[in-house]
Amino acid sequence: MTSIAASTSELAANRRDIRPGRIVAWTLLMIGGIVMVTPLIYMFSTSLKSAGQVYDLRLIPADPTLDNYIRVLADGRFVRWFLNSTLVATAVTLSNVFFDSLVGYTLAKFEFRGRYLVFLAILSTLMIPTEMLVIPWYLMSSQLGWLDTYWGIMFPGMMTAFGTFLMKQFFETVPDDFLEAARVDGLNEFTIWWKIAMPMVTPAISALAIFTFLGNWTAFFWPLIVTTSRELYTLPVGLSSFAVEQSIQWEMIMTGAALATIPTLIVFLALQRYIVRGVMLAGLKG
Amino acid sequence: MLTKIKCAGLAVGISILALGQAQAVEIEYWQYVFDTRVKAMDQLIEKFEVANPDITVKHVTFPYADYQTRVVAAKVAGQGPDVVQLFYGWLDNFVAGGLIQPLDPSVFPPEEIERDFFPIVSAMKRDGHYYGLPTAVRSLALFYNKQLFQEAGLDPDSPPQTLDELVEAAKATTKYDASGNITSEGITVEMGGQDHHWWREVLIRQFGGKPYSEDGRQVAYNDAAGLAAISFHSGLQTEHKVGQAGFMDEGQAAFRAGLAAMTIDGTFRLGAFSSNPFEWGVAELPANADGVRSNYSSYFANAIGATAEGEELEAAQKFLAYISSPEAMQIWLDVVGELPARKEVALTEDNLANPIYGPFLKGLEYAHTTRFVDEAAQRQVVIDMENRILLEGQDPAESLAQAAREEQAILDRFYGK
Amino acid sequence: MASVATPSGPAGIAGLWDRLSIRTKRVVWAWAFLAVPIVFYAGIRFYPTFQAFWLSLTDWDLLRPAAFIGLENYRRLFADPVFWQVFRNTFAYLILGTPISLVLAFVIAFYLDRVRFMHGLIRALYFLPFLTTAAAMAWVWRWFYQPVPIGVINGLLSAVGIAQQPFLRSVDQALPAIMVTAIWAGLGFQIIIFMAGLRAIPLTYYEAARIDGLGEWAILRKITLPLLKPTTVFLVVFSSIGFLRIFDQVYNMTTNDPGGPLNSTKPLVLMIYQTAFSSYDMGYAAAQTVVLFTILLIVSLIQLWLLRNRT
Chain V
4 MTSIAASTSE LAANRRDIRP GRIVAWTLLM IGGIVMVTPL IYMFSTSLKS
54 AGQVYDLRLI PADPTLDNYI RVLADGRFVR WFLNSTLVAT AVTLSNVFFD
104 SLVGYTLAKF EFRGRYLVFL AILSTLMIPT EMLVIPWYLM SSQLGWLDTY
154 WGIMFPGMMT AFGTFLMKQF FETVPDDFLE AARVDGLNEF TIWWKIAMPM
204 VTPAISALAI FTFLGNWTAF FWPLIVTTSR ELYTLPVGLS SFAVEQSIQW
254 EMIMTGAALA TIPTLIVFLA LQRYIVRGVM LAGLKG
Chain C
1407 MLTKIKCAGL AVGISILALG QAQAVEIEYW QYVFDTRVKA MDQLIEKFEV
1457 ANPDITVKHV TFPYADYQTR VVAAKVAGQG PDVVQLFYGW LDNFVAGGLI
1507 QPLDPSVFPP EEIERDFFPI VSAMKRDGHY YGLPTAVRSL ALFYNKQLFQ
1557 EAGLDPDSPP QTLDELVEAA KATTKYDASG NITSEGITVE MGGQDHHWWR
1607 EVLIRQFGGK PYSEDGRQVA YNDAAGLAAI SFHSGLQTEH KVGQAGFMDE
1657 GQAAFRAGLA AMTIDGTFRL GAFSSNPFEW GVAELPANAD GVRSNYSSYF
1707 ANAIGATAEG EELEAAQKFL AYISSPEAMQ IWLDVVGELP ARKEVALTED
1757 NLANPIYGPF LKGLEYAHTT RFVDEAAQRQ VVIDMENRIL LEGQDPAESL
1807 AQAAREEQAI LDRFYGK
Chain W
362 MASVATPSGP AGIAGLWDRL SIRTKRVVWA WAFLAVPIVF YAGIRFYPTF
412 QAFWLSLTDW DLLRPAAFIG LENYRRLFAD PVFWQVFRNT FAYLILGTPI
462 SLVLAFVIAF YLDRVRFMHG LIRALYFLPF LTTAAAMAWV WRWFYQPVPI
512 GVINGLLSAV GIAQQPFLRS VDQALPAIMV TAIWAGLGFQ IIIFMAGLRA
562 IPLTYYEAAR IDGLGEWAIL RKITLPLLKP TTVFLVVFSS IGFLRIFDQV
612 YNMTTNDPGG PLNSTKPLVL MIYQTAFSSY DMGYAAAQTV VLFTILLIVS
662 LIQLWLLRNR T
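Chains as they are written, first to last, in the numbering used here: chain V, 4 to 289; chain C, 1407 to 1823; chain W, 362 to 672.
I should point out that these hints are in silico values taken from the structure, not numbers from a laboratory.
Certain hints may be false.
[As the list claims (entries may be wrong)] Here are the simulated SDA-like pairs of lysine to any residue, each with C-alpha atoms no more than 25 Å apart in a straight line:
| id | chain 1 | residue 1 | chain 2 | residue 2 |
| --- | --- | --- | --- | --- |
| 1 | C | 1581 | W | 523 |
| 2 | C | 1531 | C | 1719 |
| 3 | C | 1445 | V | 216 |
| 4 | C | 1531 | C | 1733 |
| 5 | C | 1581 | W | 579 |
| 6 | C | 1768 | C | 1732 |
Build out the structure end to end from the sequences listed, making use of the hints.
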């Protein structure tokens, strides 16, 4: 953890310099980076073009217009899909932060018979691909009336083995003395976890939250299966059906894609530091 | 429409299920998403609700690709539609799955149906019972871009009448860039669109064959006629280079963008093409050298869901009667452009003289209707057949034989059940 | 939350509770904490897993009740040429996608780690695609791959006098074309993880190596790569599983002819989706999911074996 937190410049300065190649490397990296965002740039550029200008492949629209956005937003569905995605991703993230932490903490800090078995059982679910479960989930949802409901979209992801494993790894680094001291003060175990242990692993919690939110925000396969009415679509499913409906009017499709992308870009620009660190943490420990 | 969206917007975040008011009888109408069809149905529902204030109709739509699955899934979940739209080719599956119920003959007398509707309505009849009624029927025609015709020195008012003229017109209107890439098609080539119908029911017959045996259980196109038909179609791309599968992603998109001089499409496309920023016309599908014409006609019917009973069934019957009424058909014609399914509404002098509806109505007179058992799978067979020729360079005769085997297997699986 | 705060209750129970040893109390707490999750994992993970195995032995089709038909679904699957095509496709995504994306990611991370000037900006450029929605970007890429006059890539090729490429309209190019979009989306994540791994290598190792007079290449080969192995193994497994489960991109880039042309892009998950949710052949689809499970299990076992090799 500490090595990651160390500043880049300090590290790089300590590394052996490769001066002759440095400018070349920098230029190549920059070109590669620009290539990486080209699809995004073209997406935004085309979303600002009118139907007649789509064939003009110039990057800067000759006569930029927000008409496409107005048309797409005017019928209200995108707003609804956006809210659906936000609701679903938020609820699932809260659930994961709560339960994955609770289970991770229990497995890291309590000693009881069966602990290892529970841990192995949860870990083993990492081996089961979602695709294998969708058919039984679909059957279960249809029997319990969960098809085409928010709960139906959310329930499979309310807890994850990955999150539990991540949190367990981090809770193991929390010194027992702190918890013991709290116990002596007469706090109950739930309070100790919530008030003492949780604040000590906030970087892990933010990593877990970022991963869960992003994963659910962009999820496509299960929402595609479980939702039937357009009012319940999440943004990716809505966008996919919107694109087909538009009968291949690219400027409209690009506008839809841009609308699906803008929120994550804003969040990223605001939270870049945390997101990158969170991804690193999750990747290293996971 | 707008108020509905506003309501939906308000309901977001407040309640999880945004359902309508619970007082009156509420019935659900299901169809697939197609912009003009949705608009037309919204109008019909509005008028129907004004005339029947005690009934509200909830309009539910799904993407076409998922539509059948959704109907089946809803039946499993016990929450099916009261009135549901279905393609005529799905009837056997819908009946077998217990998704719809036969129409009550006292409300919808069969002799009246047969008197008033075009004869193809009989495709909705099984064992003497009608299972549904269409609002509109569709046929195919040749759409052409008058502006591109003019630019190419062709007369914008005399579209091609024969297949040879079609190829000539396409050659004249195709544009290429310096590297020989097509930048504007003469005619769209897309089996995944309506071309597979054109090939199956029109081209094969025009080359002297027939697609299926009389009872519809045997594939009959694996012969010289079938080969000539597929060679003609794929030849538009390989030999004449006047079209290119996948150009602009879809044929209709190319035509709409003014980048295809001709395309073969159905009545249902009229609404979408109405906003095209250029002048376009409609012509009957070209005849062969001997003047033989053919067409493919089809329709979506509306049926009553198996789960409807009691007052919901009564409301569903009223609604079905309304959306099959002359008034509804006129609205459907105006908004969607699909031809009325009742002869008296369709075959008016106005309609026959109409430069757009006329060619479609003439097409109806000599149209054939394919008896599909699995429309999606049978369409895929034709798509794959042409892709093997275009993309893998397979010999057309071999590809045709393979397609015939594959489609026969689909028919056998269905009729063998 | 309410479900968790069980052990403090009415007086009678409280009295009983007080008599328990601290150790026992903690065990009770532990199981109380685990109660809801255990129900969840049993009901939403394990039971459905067994059900999937069971359904794969039935002819369930949504409409009629499931009947046991033994291994018939598997027999049908292994006799289906489309399955073997799909099987090859799925591994093509894996075998091409994983090495290409990891080598690219490593090279970029290796150099990016040493760049100071505009480091944050460059990193952000590479990372941004990871945050996009695959279903949305698939459409952007689909547009990129169009033929002239609308496709950006072909427009560029034509402008410099190269023949236009069919991309998605080719049985040879379609799969790589779709794979590129998946590599593009995942690259940023892999770069970040590689950079984290690189920085976790203690600097003293490099200093010692330099004192020993090792060159740049030797340091990379003898120190960086071996010490980076845990990171690499993690990424290999993570991205392998990602490529084996590819769906969003293929589904959205081939809506006209799903998995086409001629099934040349169809991965196993799309076949499962079509079998289950277009043909409602649920039993047959369940058998396909069991095959997917087996493939993923084998890949994961290879991972464990590699991890063991590390120490």
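Now for the hints, and whether the structure bears them out:
Under the criterion of a C-alpha separation no larger than 25 Å, the hint pairing residue 1581(C) with residue 523(W) is consistent with the structure, at around 19 Å. Note on residue 1531(C) and residue 1719(C): the hinted pairing holds, with a Cα-Cα distance of about 20 Å set against a maximum of 25 Å. With a C-alpha separation of about 36 Å, the suggested pair residue 1445(C) and residue 216(V) falls outside the 25 Å cut-off, and the hint is violated. This hinted pair checks out: residue 1531(C) and residue 1733(C) have alpha carbons roughly 24 Å apart, not beyond 25 Å.
For the proposed pair residue 1581(C) and residue 579(W), the alpha carbon gap of about 58 Å is over 25 Å, so the pair is violated. With a C-alpha separation of about 20 Å, the suggested pairing of residue 1768(C) with residue 1732(C) holds against the 25 Å cut-off.
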